[in-house]
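Participant: Use the sequences and the hints to build the structure in full.
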Amino acid sequence: MAPLRRLRLRIEYPTARGPQRPRGDRLLTKALLNPRAAAAWGIPTPVSAGKGTASAWPQGTMIRLEIEDEGIYEITPEDLAERGIDPSGIDPRSFHLYNNGGQPLDEDPTESRDATLRENAILVTGEEDGSFDAGDRILFFGRSVNTWKPNVPPGEYRHTMNVFTRANVYWLLIPDDGSPGRRMTSLETDLPTTFTTDRARSRLFVERDAIIYDRSSTPGSGKRWYAAELFAGSSYNVSFDAELPVAGESPTLWVRSRKLDGFPEAVVSLNGVPVDTFSLTNSLISIDVQPGLLRNGSNDFSFRLLSGHGFFDWFEINYLRTLETSKGRMDFDGLPGDGVAEVTLRGLENPWIFDVEAFDDVRYTRQVPFRIESQVTHPRRIIAVEDGNFLHPTAWRVEGIGGPEYPEGLRAEGLRADYIYITHEDFYDAAEELAAYVRQRDGVDVLVVKTDDIYKEFAWGLFDPTAIRDFLMYATQTWDPPPTVCLLVGDGDYDYRNIISSADRNWVPPYEHLGECRDDWFAEFGEDPELIMGRLPVQSSRELGIYTDKLIEYEMNPDYSPWRSRVVLVADDEWIDTGPTLIDKQHMRDAETISRFLPRYLNQKKIYLGPYPTSFDPVTGERRKPEANRDLIESINRGALLINYQGHGNAHVWAHESVFLDSRDKSLVDSGRRLPIYVAATCSWGYFDRPANEAFPEQLLVASGGAIGVIAATRNTSGAGNFNFVLGLYENLFNREERYTLGETLFFSKQTHGQGLNQFYHCLAEPMMSPALPPLDASLTVVEPDSLTALAEATVAGRVLEPNGESVPDFDGEALLTVYDSNDSLQYTFTRPDGSPGNIFNYEMPGGTLFRGLVTTTAGACTTRFIVPRDVQYGSSGGWMQLYVFNEETDGIGATRNVPISLSPATLQDDTPPEIEVYFDQRTWRDGDFTTNQPLLIVDLFDSSGINLTGEIGHSIRATIDGEHEVILTDDFIYQRDSMNRGSAEKRIYDLAPGRHRLEVWAWDNVNNFARKEVSFSVAESESEVVLKDILNWPNPFTDRTRFTFVGLGIREVVVKIFTPSGRLVRELGPVAIPSDGFAYDIPGLEWDGRDRFGADVANGVYLYKLIAYGASGRSHETLGKLMRIR
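Just so you know, we're using our numbering here: the sequence shown kicks off at 494 and counts up by one.
Just to be clear, a hint being listed does not mean it is correct.
Said to hold, decoys possible - Derived lysine-lysine pairs resembling DSSO-like cross-links, with alpha carbons at most 27 Å apart:
{"#": "1", "residue 1": "K716", "residue 2": "K752"}
{"#": "2", "residue 1": "K642", "residue 2": "K716"}
{"#": "3", "residue 1": "K1522", "residue 2": "K1480"}
{"#": "4", "residue 1": "K1599", "residue 2": "K1522"}
{"#": "5", "residue 1": "K1550", "residue 2": "K1506"}
{"#": "6", "residue 1": "K1550", "residue 2": "K1480"}
{"#": "7", "residue 1": "K1550", "residue 2": "K1615"}
Hints in this document: simulated from the structure, not taken from any laboratory.
Facilitator: Here is the structure:
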């Protein structure tokens, strides 16, 4: 039987029945083979209590109370009055108190959780008379978020810490309907006494988090904190108080630590006496302490590492104590026997005694001694306190439910939205401005939700990231139709409790687990994300406003120019800090494969680090690639649709050679309106969740000329995974028929390439933004001749098309035609770890440019001519042409590949070199003038045979400053519209030193005739210097009008005063504001019509004038002149 080589299957799905829920049509279309049928398969998920059924928020005045220490709290009428609540009209019998335990929500979405606030029993003294007046009070048990968990192990307690917050939240309700609240009951029993005691067990713990460490590969991550990192010979020491331990009893000490390297050993000492020596095993150690070692009062605990490397975490101590105190309060739990105990307390005057074992059902008594049922295996926690020792909430405020867009709360019936923006109160107004734009752009409902409102309804007021996931799950399962997009608007970090830094407010916290930080987790209600997620990690409303303005400008006022057809591919080399490696040669190979995968109509700039010259940092000795860095910054600032990086990196830098470093390059990045999308296939470049430390993408997003969007990973990734992920990403990004948004691109890519470490990639952008990929297509043909011949004239025709190939006859605008020589085939030899030559890497770099010029496009068609330069690859067949078409409303792109080039050149007689004109900032500049220290260099070229743009060695358009600093202008030259012999190159020059300079410009024509032009210019000594020269009025003499002109620098305002020869003021012109660059020549408004201050014509004759220029620093410069009027 022959094996099957091909199998065709036909799968038929039954016709969909029942109502179809439009669960994001594009999501279904992309994700499923049968989206039409699948649309009706959605079975409404039963919403359990754990998933948040609509709960009735209590009606009335709700007072939010925050507490930190565990104990009995007191609220008096005076407390209410101080906070603006009149207690005189309140029936205290109607007080209700709510709290749900103060513990983190379960991170498993399938586990149940409270769906409503849980009412706690309270004690209200003096409520019997129906008035809350002097002497009355509310007493309640305030459970700390750091408390004791019972029966872990059975008969014991183990302390628990809330990793998200230090404060528990209680809600005091004064109900509208006056309904009675829940009250404490008596803890006394009617059963006969079994035994008497004045002893009980007491316990304490010391856990002082200072260092986060969950995974060795990502130490700044997760939720595991430790008190100290220790090395051999170092120790952690802390003092604690114990009250009246029974001398003959043996306390139990519990110690948790963690080993890091090897097999470390530690010794634990109490009051200077070693009590145990053990090997760290990452488990909990139980130590029996000899009787008498634990002292009444202050005690010293020491954890000393004898060898190795590890962390100390915490310790607990459990001891038998005498029930006596002088502190006004006593806490204890395990009584020494089963049955009914009569418990005697000493040192407390008329105490209040509370059984707080059930935090919401506290019982109390005032009997001393008191009787209580006791069971050794199920101890009960008791707090006894005398008057004057009650605790008070640390924060109070009256709060209602709901927000501006959801006045009845987030569980209100009928609430729905297509997009959900989750933000902090600090950014709410700025987030609404972004949402208003997106509503108009996409025609969708956008709901802006405050994090505090989410915590209130889904975590009962506690700061807890899981509440965000629970809210999104509730919305997805109950709204009809459900939302499809969630944008987290605000920065967040792993330091939930501000242990390391209080510099920020953790506005929108991330999800942290072990070495993970994944915003997709908020949309994972089963196995896979169900929402398109994005984040804008801003730290102020100003930053959010900057991004919003950039986005609106990017989408609504686009810069239609060739940058929208350019991509920049950056690839790391095989070198790391310790030398070359075998595995790291994959980065350039992967980039080259990606280059071949990208659409053929794109113009690619390749910056592969390997071939670039290497230098060494003079201070650190580290490898550097300065020319690669310069090429990258220049490519970014020219504008590019996409910047892609493959290689090593971290939150602040690309490559060990620091080819892109935030501290150095942030100020140099300025692409204006030509904002790129960055895709960084590297480790941790998107590490936004570090406190008091911004990753480079965070900085670029809020820089005026930085980035419009970033796709980057928050944690370590792998080279192979990055490569596959990027291929999947670009398959979606460059789908011109579907035109996926940036968030959709990432969402769909993760469905096929989101496994493993690729799950850490985030969309740091407004996720439904559309990349600036031209929507229209274009076609090109060589009309005459059918191949390109050096030194011969070629004619090229182009058409504007819809993506489906149909013509666009109503398109009028411009086109940029760029013609390229065949690609250059190059080789790079990798270096082996031992320093010897390794494998050869074959790659292609774009060939020289044969022509780049603007062409008029009419009725969807264009035709142009150009002369092919002498410097071509004769006989090759890899030439190609790119046509970028644009007008004020849209743009398009197309390319033709495999254009043949003739074996021999044509004959062209031309011995005349190109004509060169040089200017700075504007074409009114003259040789010898001043300029700024960052001027725009303008070079105009003309030659009847055209200008050589191939960039061949020795034939580049280039400029040198003072014979040293070279500026290549070849890639910046563009022919004027419909011209094949006249054009310009413009490039900004940075950081020119003050003083006089000499500039030389070289250019070649297509026949390789050479020309050189030299000019001189001066840079002002400082930015505050005011320069004024070449003051003229023209015409002079004048009849009706004369205009004042000058050359100036550092000027912000100009005034002209006109006088008679005797010094009488005739007229004052201005003040006239000068553009922000401070460079001025011919300014509108400095024109005199020959009239005086009162509007009367002045007589013929000679007049004097004074031109005064004011600088930003307050300095000024004056010049006198003469003019004559003749009528």
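Participant: For every hint, state whether the structure bears it out.
Facilitator: A quick look at each hint next to the structure:
1. For a cut-off of 27 Å, the pair hint linking K716 to K752 stands: about 17 Å separates their Cα positions.
2. Straight-line distance between C-alpha atoms of K642 and K716 comes to about 19 Å, which keeps the hinted pair within the 27 Å bound.
3. A hinted pair counts as satisfied when its Cα atoms are at most 27 Å apart, and K1522 with K1480 qualifies at roughly 25 Å.
4. At most 27 Å may separate the alpha-carbon atoms for a hinted pair to count; K1599 and K1522 meet this at roughly 13 Å.
5. The straight-line distance between the Cα atoms of K1550 and K1506 is roughly 40 Å, outside the 27 Å bound, and the hint therefore fails.
6. Taken as a hint, the K1550 and K1480 pair is broken in the structure, with Cα atoms around 38 Å apart against an allowance of 27 Å.
7. The hinted pair formed by K1550 and K1615 meets the criterion: a straight-line CA distance of about 11 Å does not exceed 27 Å.
Hints 5 and 6 from the list above are not met by this structure, while the remaining hints are.
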